[in-house]
Amino acid sequence: MKKQKSRWIVLSIFMYFSFIGIAQNPIIRNQYSADPSARVFGDRVYVYPSHDILATDGKGRKDWFCMEDYHVFSSDNLTDWTDHGMIVTQNKVPWVRPESYSMWAPDCIERNGKYYFYFPSTPNDNVGNGKGFNIGVAVADKPIGPFIPQDNPIKGVQGIDPNVFIDKDGQAYLYWSSGNIYGAKLKENMTELDSEVKTLGDLPSKGLKEGPYVFERKGIYYMTYPHVEDKIERLEYAISDNPLGPFKVMGAIMDESPTGCWTNHHSIIEFKNQWYLFYHHNDYSPTFDKARSVRADSLSFNLNGTIKKVIPTLRGIGITKAVSEIQIDRYSKISEKGISIDFIDPLDNFKGWKTQFSTSNAWVEYDSVDFGENSLKSVLIKAKSNTGGSIEVRNNGKDGVLIAEVKIPKSTHWQTITVPVKKFTTGIQNLYVVLMDNKKQVEIDWISFK
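Going by full-length UniProt numbering, the sequence shown opens with residue 1, and the numbers climb by one from there.
Worth flagging that the hints you see were computed from the coordinates, not collected in a lab.
One or more of the hints may lead you astray.
[To be verified] Simulated restraints on C-beta separations:
no.	residue 1	residue 2	range
1	Asp167	Lys308	42 to 52 Å
2	Leu347	Lys155	46 to 56 Å
3	Asn189	Lys272	42 to 52 Å
4	Gln171	Lys423	32 to 42 Å
5	Lys333	Leu208	15 to 25 Å
6	Asn189	Pro346	47 to 57 Å
7	Asn189	Ile220	44 to 54 Å
8	Ile220	Gly388	51 to 61 Å
9	Lys337	Ser205	19 to 29 Å
10	Ser360	Gly179	52 to 62 Å
11	Asp230	Lys410	14 to 24 Å
12	Leu208	Arg111	29 to 39 Å
13	Asp80	Lys308	51 to 61 Å
14	Val419	Lys231	43 to 53 Å
[Unchecked claim] Straight-line alpha carbon distances no greater than 30 Å define the calculated DSBU-like cross-link-like pairs of lysine-lysine that follow:
no.	residue 1	residue 2
15	Lys410	Lys398
16	Lys62	Lys206
17	Lys439	Lys410
18	Lys231	Lys142
It should be emphasised that the depicted structure is a prediction, and the values quoted were computed from it without experimental measurement.
We treat Cβ as the ideally placed atom computed from N, Cα and C, and that holds for glycine.
Kindly generate the complete structure, drawing on both the sequences and the hints.
Listed below in structure tokens is the structure:
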């Protein structure tokens, strides 16, 4: 165990820390990611997702889920996210079959200054028969690691999608899924069960249920979970006055994906007096739903404690600084005609998207842009146009203040055009961009101010 710990300490020295951009959906923009477990530790939000990769010969099962490690991401403002690097990998966990590529949905929680990272995987022959799933724990002194995996998985637990909840009285609970959703108390050491396993059978009996995530608000315990009633998962919830139920099924948090992404998996947190839903979709891989990406949107409650249904957005969460590269393809609203979104480079989807304007008065609105208190002098637009065209930039809708008029010259190559600001207003505003010319076409990558 000492040698293993030393290897992890060395590995932690080489962890890379990379800034991955501003919070628009998807929020993780440097890799595929799914099954986000979001947690508030101190004054930051940490997201522990699974890490989808594309299977190749000898590396996972082709055309299926393929995951070999975990990263952790964090932000103190829900806008600027940092990738803290890999924290656990299948080849460094003593009990995991190293070629299984089955490091599925995880969770993490803090107790008494220690951070406990829970993850499922396929056991090796020393622990099991190389089939099915067990759930293990890795422990760290910091939320970004280094995490040291325990030698063995949790005894008495077989399944996937671990979730841990610590009640106000200090009692910890572990939930997981395997056909049904199960729950049990945890000992204070957070690595052993402290009760019999209970099948939470008062949830929907028809269709697949998985991915439990439990939280408490105003004395109500919310059991939330993905559920396949037909062919695609939707996020649902049930409530109780006890962490282990019985639960009363209440309805949907988020409907099925309109584009056919089979899975969804989520977590729910409160941060700075606002609730948020973290979930996933296949934004970067629209034709293959086993390569997914983490998203986040605001969540709210009715007065009686029921959850208002969340409508997925591209805009996501957080306030965007005007001096950053504002990706208007992650819009809040668009006109009914004349706007389309496409990948900038169809051979590398991680380069992001572009907004295509094709008719006069076609517009895009992007909300919550912080223009600050000091006057900004210039507008920069990265654009290209086969026809040339004219763009107006306004604040707060078509009748808002005209910030700038931008002539996009005719070109088949991307170029950055800089024009002076006509009128500047301070504070947080919505950004409104509209094409003024008839029979013109303009493509925009981003807009910024300086």
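**Cβ separation of Lys333 and Leu208, checked against the hinted range 15 to 25 Å** = Violated: the Cβ-Cβ distance is about 35 Å, outside 15 to 25 Å.
**Asked** Are Lys337 and Ser205 spaced within 19 to 29 Å by their CB atoms?
**Response** Roughly 45 Å apart at Cβ, these two residues miss the hinted range, so it is violated.
**Item:** Range hint compliance [Cβ, Leu208 to Arg111, 29 to 39 Å]
**Value:** Given a distance of about 31 Å, which is inside 29 to 39 Å, the answer is holds.
**Prompt:** Taking 42 to 52 Å as the hint, is the beta-carbon distance of Asp167 and Lys308 inside that range?
**Reply:** violated, 25 Å
**Prompt:** Do the Cβ positions of Val419 and Lys231 conform to the proposed distance bound of 43 to 53 Å?
**Reply:** holds, 49 Å
**Message:** Assuming the hint says 44 to 54 Å, is it satisfied by the Cβ distance from Asn189 to Ile220 or not?
**Reply:** violated, 29 Å
**Request:** Take the C-beta atom of Asp230 and the C-beta atom of Lys410, compute their distance, and say whether it sits inside 14 to 24 Å.
**Result:** Given range 14 to 24 Å: violated, Cβ gap about 49 Å.
**Asked** Within 42 to 52 Å or not, the Cβ separation of Asn189 and Lys272?
**Response** violated, 32 Å
**Prompt:** Range hint 52 to 62 Å: satisfied by the CB atoms of Ser360 and Gly179?
**Reply:** Given a distance of about 56 Å, which is inside 52 to 62 Å, the answer is holds.
**Item:** Cβ distance range 46 to 56 Å for Leu347 and Lys155, holds or violated
**Value:** With a Cβ separation near 48 Å, Leu347 and Lys155 satisfy 46 to 56 Å, so the hint holds.
**Prompt:** That 51 to 61 Å hint for Asp80 and Lys308 (C-beta), does it hold up?
**Reply:** At roughly 27 Å between Cβ atoms, Lys308 and Asp80 fall outside 51 to 61 Å, so the hint is violated.
**Message:** Looking only at beta-carbon atoms, does the pair Gln171, Lys423 fall within the given range of 32 to 42 Å?
**Reply:** violated, 59 Å
In summary, the structure is inconsistent with hints 1, 3, 4, 5, 7, 9, 11, 13, 18 from the numbered list given earlier, while agreeing with the others.
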